[in-house]
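Student: Given next are the chains, with one letter for each unit.
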Amino acid sequence: MYHLTALITCLAVALYFYTSILVARARATYGIKAPAIIGNPDFERVFRVQMNTLEWMPIFLPALWLFAIYIADPIAAAIGLVWIVGRILYMSGYSQAADKRSRGFAIQAFAAIALWIGAIGAILWRLVQG
Amino acid sequence: MYHLTALITCLAVALYFYTSILVARARATYGIKAPAIIGNPDFERVFRVQMNTLEWMPIFLPALWLFAIYIADPIAAAIGLVWIVGRILYMSGYSQAADKRSRGFAIQAFAAIALWIGAIGAILWRLVQG
Amino acid sequence: MYHLTALITCLAVALYFYTSILVARARATYGIKAPAIIGNPDFERVFRVQMNTLEWMPIFLPALWLFAIYIADPIAAAIGLVWIVGRILYMSGYSQAADKRSRGFAIQAFAAIALWIGAIGAILWRLVQG
Chain A
136 MYHLTALITC LAVALYFYTS ILVARARATY GIKAPAIIGN PDFERVFRVQ MNTLEWMPIF
196 LPALWLFAIY IADPIAAAIG LVWIVGRILY MSGYSQAADK RSRGFAIQAF AAIALWIGAI
256 GAILWRLVQG
Chain B
136 MYHLTALITC LAVALYFYTS ILVARARATY GIKAPAIIGN PDFERVFRVQ MNTLEWMPIF
196 LPALWLFAIY IADPIAAAIG LVWIVGRILY MSGYSQAADK RSRGFAIQAF AAIALWIGAI
256 GAILWRLVQG
Chain C
136 MYHLTALITC LAVALYFYTS ILVARARATY GIKAPAIIGN PDFERVFRVQ MNTLEWMPIF
196 LPALWLFAIY IADPIAAAIG LVWIVGRILY MSGYSQAADK RSRGFAIQAF AAIALWIGAI
256 GAILWRLVQG
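Chains as they are written, first to last, in my numbering: chain A, 136 to 265; chain B, 136 to 265; chain C, 136 to 265.
Isolated chain A (complex conformation) (with noise of 0.2 Å):
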């Protein structure tokens, strides 16, 4: 079973679903009316934050989970908080400054890339084992 996997999944969702809170939040707050994305570097940063978070999904859901089903559950949930921390400073970085962006980001890159790396060596493993 994978029930570490599934809970930092939840919490990586819930995150990401904070990313698009804030989103609702700027365009109040800075007069932004959707459909509008542009008009305001502040708000654009917000934006920014959600878009990159979305985009980032579609790598390390698959990675995560291929991690734990190829790997093992408990190492796989383990890089998957350290993904969600670094998207956490990535957020709050972001939010205040374009350049206050980078550290966050290299952290949740890091664990991505392990979790990919870790599973297509994995998958590879038991291809060439037969």
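No lab work stands behind these hints: they were computed from the structure.
Remember, predicted model here, so these are calculated numbers, not experimental data.
Be careful, since some hints might not be right.
As the list claims (entries may be wrong) - Which bits of chain A does chain C cover? Going by a derived footprint, with three or more residues having C-beta under 8 Å, they are: (1) 146-156; (2) 178-186; (3) 198-211; (4) 259-265.
Unchecked claim - Quick list of the computed label-pair ranges, beta carbon to beta carbon: (5) B:Ala241 / C:Arg261: 21 to 27 Å; (6) C:Phe245 / B:Ile173: 28 to 34 Å; (7) A:Gly265 / B:Pro176: 55 to 61 Å; (8) B:Arg261 / A:Ala241: 30 to 36 Å.
C-beta: ideal position from N, C-alpha, C; glycine also.
Place chains B and C on chain A using the hints.
Tutor: Okay, now just chains B and C, sitting in the frame of chain A:
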């Protein structure tokens, strides 16, 4: 087996795919050539319907499947159907005017959040039970 | 087991990740600083390649896996490989000019739709059979 949840997944993917077709059509109707994504509010609303549906897919699909696995396939599928209906109302409302998108949006948000709460509740229950 | 489908998933994620790297490079090349996403047609085409690949991930991945589970792992993986090839042609074509994106786009759309039709057909067959 999760036949009903699998069916709802296919239908949700088809609905999302349909929102992309509407964008392609709106490009022709309003003369917005790719790669441009702004320039006409009617086009932008159709584009935002697709984007918003895309934005909700990584919330809906993981929550739907974790709910199905940790609770029950037919209940997950039934709530998933509510999500699809809400999405259709959102799409038809937003295509007409930005302020007609609220009811459908609320329905699909309610359905997705119900799936998420059910899933995380059941996952935590299993973890606590060991 | 679904080793081949898992491998294709990792390759599709890697290709999508590569489209993000191209956006980061194009930001530097064309001087488009984050969070801006418009201002130069050459940048916008590279950005649209990433966005369009993102847009197709929630169509491709669920259809790929439901096809693998309900029909067969190697057939799903083979059609998935066609999708990846179409995506590469789309990426290289669109990066040159907006009207060179059509052939690759058609190939990947054909592959994704084939996966979706196979999946929903097999799901309905199982449901009807009880």
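Student: State for each hint whether it applies.
Tutor: Hint-by-hint comparison with the structure:
Look at the stretch 146-156 of chain A against chain C: 0 of its residues bring a Cβ nearer than 8 Å to a Cβ of that chain, fewer than three, so the hint is violated. Counting residues of the stretch 178-186 of chain A whose CB falls under 8 Å from any CB of chain C gives 4; the rule of at least 3 is met. As drawn, the stretch 198-211 of chain A meets chain C at 4 residues by the rule of a beta-carbon pair under 8 Å; at three or more, the given contact holds. Coverage of the stretch 259-265 of chain A by chain C holds [criterion: at least 3 residues with CB-CB distance below 8 Å; count 3].
A beta carbon spacing of about 34 Å between Ala241 of chain B and Arg261 of chain C contradicts the range 21 to 27 Å that was offered as a hint. Restraint check, Phe245 of chain C to Ile173 of chain B: a C-beta distance of roughly 30 Å satisfies the suggested window 28 to 34 Å. A hinted range of 55 to 61 Å holds for the C-beta pair Gly265 of chain A and Pro176 of chain B, which are about 58 Å apart. Roughly 34 Å separates the CB atoms of Arg261 of chain B and Ala241 of chain A, a value that falls within the hinted 30 to 36 Å.
Checked against the numbered hints above, the structure violates hints 1 and 5; every other hint is satisfied.
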